[in-house]
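Number of protein chains: 2
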Amino acid sequence: MTQIDDANATAVRRVLEATPVLVGVGRARDVIPDMADDLLLHAGPPIPWDRMSGPVRGAVTGALLYERKAGTEAEAAVLVESGRIRFDPCHHHAAVGPMAGIVSGSMPVCIVENRRGGNRAYATLNEGYGAVLRYGAYGAAVLERLRWMERTLAPALGRALDLCGGIDMKSLIAQALAMGDEGHNRNRAGSALLGRLLGPHLVRTGLSTGDLSEVFRYLADNDLAALNPVMAACKATMDAAHGVAGSTLVTAMARNGTEFGIRVSGLGERWFTAPAETPHGLYFPGFTAADANPDVGDSAITETAGIGAFAMAAAPAIVKFVSGTARDALTSTLEMYEITLAENAAFGIPALDFRGTPTGIDIRRVARTGILPRINTGIAHRTAGIGQIGAGLVRAPRACFDQAVAAMAAALGR
Amino acid sequence: MTQIDDANATAVRRVLEATPVLVGVGRARDVIPDMADDLLLHAGPPIPWDRMSGPVRGAVTGALLYERKAGTEAEAAVLVESGRIRFDPCHHHAAVGPMAGIVSGSMPVCIVENRRGGNRAYATLNEGYGAVLRYGAYGAAVLERLRWMERTLAPALGRALDLCGGIDMKSLIAQALAMGDEGHNRNRAGSALLGRLLGPHLVRTGLSTGDLSEVFRYLADNDLAALNPVMAACKATMDAAHGVAGSTLVTAMARNGTEFGIRVSGLGERWFTAPAETPHGLYFPGFTAADANPDVGDSAITETAGIGAFAMAAAPAIVKFVSGTARDALTSTLEMYEITLAENAAFGIPALDFRGTPTGIDIRRVARTGILPRINTGIAHRTAGIGQIGAGLVRAPRACFDQAVAAMAAALGR
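Chain order of the listed sequences is A and B. Here the first sequence is numbered in this note's numbering, starting from 196 and rising by one per residue. Here the second sequence is numbered in this note's numbering, starting from 196 and rising by one per residue.
Simulated from the structure, these hints should not be mistaken for laboratory data. No false leads were mixed into what you were given.
On the chain B side, residues computed to face chain A include the following (Cβ under 10 Å):
no., residue
1, Gln370
2, Ala371
3, Ala384
4, Leu392
5, Leu397
6, Val398
7, Tyr413
8, Ala521
9, Arg522
10, Gly543
11, Leu547
As the structure is a computational prediction, the values presented were derived from the model and not from experiment. We treat Cβ as the ideally placed atom computed from N, Cα and C, and that holds for glycine.
Model the full assembly from the supplied sequences, consistent with the hints where possible.
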C-alpha cells in the first residue's frame with residue numbers, strides 16, 4: 196500500500212496547506228473557465244434535463260427568465276428541449292453551487308484563490324432565505340432579488356474586497372468553528388465575521404447611502420452570506436488535491452437532486468454515482484418527508500474538505516435545525532475520524548480541546564469500515580417553485596465508494 | 196424558610212423576566228443619576244483614594260487628564276488629595292464599569308433599559324485593547340482614543356440606536372451564547388452581532404465617509420465592543436431584583452482592586468466585603484503572577500446575572516485565553532447550578548442541550564455547599580499606567596457570603 200499511502204500523503208498535504216482567500220467578485224461569463232452564454236452550470240454530477248428533479252428544473256427555469264432567454268416557464272421548457280441550452284456540472288468549471296447550484300452567464304460569482312496552490316474557485320452569491328432560485332423558486336421576487344444582487348450587491352462587495360486586499364477564508368472558517376458554526380448549514384458566525392471585515396471598506400465604495408444601507412441590511416439579515424464563499428474556499432482547497440496518481444482521497448461529493456456523485460484524486464475526471472437519498476431531518480410547519488426532494492447541491496464540498504457535518508462537534512446549536520442532541524453533534528465528528536486521512540490543525544474544535552477537524556475522506560476507509568460520510572443539508576420541496584421545506588442529515592451512498600475502490604484496483608492493475 | 200423562598204422566587208422571577216434593551220448613548224453627566232462634575236465613579240465597593248490599587252489610581256489620573264482638571268499625573272494626585280474630587284461606586288448610580296471602572300462626567304455611556312422593570316443602567320463604551328484607561332493606562336494615546344470616542348463614536352452609535360429603535364440585549368446575549376461567547380471575557384460573537392445590527396443604520400447617520408469607516412473599523416477590530424452593553428444589560432437585570440425583603444439573592448458582585456464586595460436583594464444598600472484575590476490564569480509574554488493586581492472590576496455583574504463563568508460551557512474556546520480544558524468549561528457551569536436559584540431558559544447552552552444558564556446566586560447555598568461563585572476576568576498590572584497582562588479565573592471570597600448570611604439571620608431576628 197506504500198504507493199497509495201504516499202499519494203494520499205501528497206494529496207492531503209495540499210488540503211492542509213491550502214490558503215483560500217476571497218479575492219473578488221466577477222461575472223460568471225467573464226471569470227469562470229469555459230463559461231458560455233448557452234451554458235448553465237448545475238450542482239452534482241452530470242445530468243440531462245429529462246432526469247432533473249423538480250427544484251433543479253425550477254432553478255433552470257428561473258435562470259433562463261433571469262437571463263431573459265425566456266419570458267415564461269413554458270418558453271423556458273421549449274428552449275431547453277430544443278437542445279440550444281447546454282448543461283455542465285459546476286464542478287467541471289472550478290465552481291460550486293448550493294442546492295440546485297444553477298449558474299448562468301450574467302450571475303455574479305465570488306472568486307476564491309488558493310494562494311498556496313495557485314488555483315481559483317467560484318460560487319454564486321447567497322440569495323438569503325425564503326423563495327430563492329437555489330431551491331427552485333423562480334417568481335418575480337426571486338428574479339428581482341437576483342437583479343439587485345447583480346446591480347448593487349456584487350459591485351459593492353467586489354470594490355470592498357479590492358480595498359481590503361481579500362479576506363483570508365481559512366482564518367474566517369477557523370474563527371467561525373470556534374463560534375458555533377460548522378460551515379455548511381450553520382454560517383451565522385462566519386457571515387457576521389464576513390460583514391464586520393467588509394464594513395470599514397464597504398463605506399468607502401462610493402455607494403449611495405440607500406444602496407449602502409441595503410448592502411448592510413443583506414449582511415445583517417443573511418446568516419448564509421458566508422456559505423457560498425466558504426464553499427468556494429473548500430472547492431479551491433480540494434481542487435488543489437485532485438489529480439495525484441494513486442491517491443484514494445475524495446476530492447468532491449456532490450448531488451444533482453437525482454444522483455449523488457464522488458470524484459477521487461487519483462481517478463481523473465470520472466464520477467462514481469448512485470441514487471441520491473432523502474435527508475432525515477426537521478421540516479418546516481406544513482411539510483413532511485413525503486414532500487422532500489432527494490439530496491441536492493454541491494455544498495457537500497464542505498464535508499469533503501473536513502467541515503460541515505465533519506465539524507459538527509463545533510456547532511451543537513445546529514441540532515435545533517437539523518435534529519438530534521448535543522451528544523449527536525460530538526458523535527458525528529468523532530465517527531468521521533475513522534474514515535479520514537488527517538486532522539486539520541487549522542480548524543480546531545474547542546469542545547474537543549482544539550483537536551483538528553477530520554479531513555480527507557479515504558475511499559478505502561469508507562469501504563473497509565462501512566462508515567459513510569455524514570452530510571448536513573437543507574431540504575428542498577420536490578416540486579419546482581416552492582423552495583426550502585426543512586433541514587437535516589444524510590449519508591453519502593455506499594455504492595459510490597465501492598465503485599471507486601474497484602476502479603482504483605483496476606487502475607493499479609490489481 | 197418559606198419567607199425567604201417566597202422572596203427569592205419574586206427576586207429571581209424579576210431576573211428571568213428582565214428585557215434589557217440598548218436604547219441609546221448619552222453623556223455621563225446628563226444621564227447617570229446624581230452624576231456630578233466633581234465626582235468620579237469606580238468599580239467595586241466604596242474605597243478611598245489612599246486604599247486604591249495601582250490600576251485604579253492610574254485610571255483616576257487618566258480621567259482627570261481627560262476632563263482637563265489636571266495637566267499632569269502630579270497635578271491629578273494633588274487635586275485628589277485636596278479632597279475636591281469625590282468618589283462613588285458605579286453601582287450606587289445604576290452603572291457598571293469594567294476593570295477600574297472609572298466614569299467621569301464627560302464620558303459617553305451606553306444606556307440599557309429593562310423594559311419589563313422600567314429601570315435603566317449605564318456603562319462606558321469599550322475602548323478596545325492595549326493601553327486603555329480601564330486597565331490604568333493614561334498616556335496621550337489613551338486620552339486621544341477617549342476623545343475620539345466622545346467626538347465620533349458615541350454620536351454615531353447613539354444616532355444608529357435612535358434609527359433602529361434599540362437593540363434587544365437579551366436576544367443578543369442568547370445568540371452569542373450559541374456562538375461560543377460567555378459574555379464576560381469572550382464577546383467576539385456578541386460584538387460581531389452588535390456591529391451587524393447597527394451597520395444598516397450607521398450608514399444613515401450622516402457621518403463623513405472617513406468617520407464612518409473609523410466607526411466600522413472600531414466595530415471590526417474590537418471583540419469587546421459588546422462587553423460594556425452586556426454589562427449594563429446585566430446591571431439593569433439585577434437592579435430589578437434588588438430590594439425584595441427577605442431575599443438571599445446576590446444582586447451584585449464587584450471588585451475595586453483592593454476589596455471584593457457583594458450586595459444582596461434583601462439587605463439594602465450594604466456591601467459585604469473581603470480582600471480581593473488574585474486571579475489564576477495565563478499571562479502575556481514577559482509577565483507573571485507577581486505582576487498581577489488583585490481582582491478588579493464590575494464585570495462580575497455578568498456572573499451575577501448568570502453568564503460569564505456561569506455560562507462557560509457555552510464557550511469552550513475561552514480556555515485558550517483563561518487556561519483550562521473544554522471539560523473545565525463544562526464543569527464550571529455544572530458546578531454553578533449548585534449555588535443558584537434558577538435556570539434561565541432564555542440563555543440555553545447548546546452543549547448542555549440548551550439547558551438554561553445557572554442564574555441567581557443564593558448566599559445560603561454558597562454558605563451551605565462551600566462552592567464559591569466562579570468569575571472569568573482580565574488581569575491588570577499592579578502598577579498604574581501599564582495595562583492588561585493576562586486573563587484568568589477567580590472565585591468570590593467566602594467571607595462575603597458568610598457575612599451576608601449572618602446579616603440576613605440578624606435581619607430576620609434569628
